[in-house]
Amino acid sequence: MDLFQYDFMLRALVGALVIGLAAPALGIYLVQRRLALIGDGIGHVALTGVGAGLLLNRSPVLVAVVAATLGAIVIELVRSRGRTSGDLALALLFYGGIAGGVMLVGLSDASSGSLNAYLFGSLTTTSPADLVTILVLGVAILVTMLVLRPALFAVCHDEEYARVSGLPVRALNLLLAVGTAVTVTIAMRAVGVLLISALMVVPVATAQQVTRGFRATMGAAMALGLFAAGAGVWVAATADTAPGASVVLLAIGSFLVVALLAAGRRALRRRTRPVAVPVAEPPEHEVVLR
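Mapping to the working numbering: the sequence shown position 280 is 280, numbers consecutive.
These are calculated hints, taken from the structure and not from any lab test. All values derive from a computational prediction rather than experimental measurement. We put the CB at the ideal spot given by N, CA and C, even for glycine. Any given hint could turn out to be false.
[To be verified] What follows is a list of derived Cβ distance ranges for each label pair:
no.	residue 1	residue 2	range
1	Arg58	Arg215	33 to 41 Å
2	Arg58	Ser165	41 to 49 Å
3	Arg266	Arg163	35 to 43 Å
Working from the sequences, and respecting the hints, build out all of it.
Given below as structure tokens:
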């Protein structure tokens, strides 16, 4: 039986494909700035928005977008100050976010299954309204990351140089923070809060094994994210596994395969590389006739 004849499976597939494209497109900037795990922290803050949405009978995804955006702005402001106490402030924000989310979900009429759906992902329960939100926000993130790629790359590669070049560094940093919050929120439906960073980072790490240049790495990472998302939903549908876990495990499996192939290729090149034979120089007392 073709499981994709059901509307809920089609919604799950479309949502996963959009997220599989958008998450690596933004994640490559986070990897460039060595902020690969920032998605986990913002996901914790987004969980508070989910709990607030369930408690107020509002769309959990939309409320989570607002909460994650505010949290991302706070994180960027703390990061830009560069103080040692910033780590403590971020830790309090992250832990407070997940604790607040669990408490608000408990105060609402939602069951524990609702909380698990956001912690570990639940694509098959994506409603038509959720799919519209994922499509609109996912496409917006994807277009923004592609159109502003030169400016965002400059800021992530060398912030001081970008500032001297006249780029609006503070605005671009805030845009990247807000984009991360939005991506984390929509990806929450696919892989869950606890696995969000994997979909944003692992395809990028895989692409870096075999590509050179930022543009090529970005394109390869998006292709790998698309593959992991689509294949993960198919595996989940046929093997009756959790879609989020299936997507992440396929992404990690792709990384291991590519890393092994890249290592084997480098070893083969070293073996087949011709060995340079040093030319013997004549003794100092000998005269070399030209």
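- Message: Verify the CB-CB distance for Arg58 and Ser165 against the hinted window 41 to 49 Å.
- Response: holds, 43 Å
- Query: Between Arg266 and Arg163, does the C-beta distance stay in 35 to 43 Å?
  - Reply: For Arg163 against Arg266, whose Cβ atoms are near 38 Å apart, the range 35 to 43 Å holds.
- Query: Should the hint that Arg58 and Arg215 are 33 to 41 Å apart at their CB atoms be regarded as holding?
  - Reply: Holds - the Cβ-Cβ distance for Arg58 and Arg215, about 40 Å, lies within 33 to 41 Å.
Going down the numbered hints, you'll see the structure goes against none, and every one checks out.
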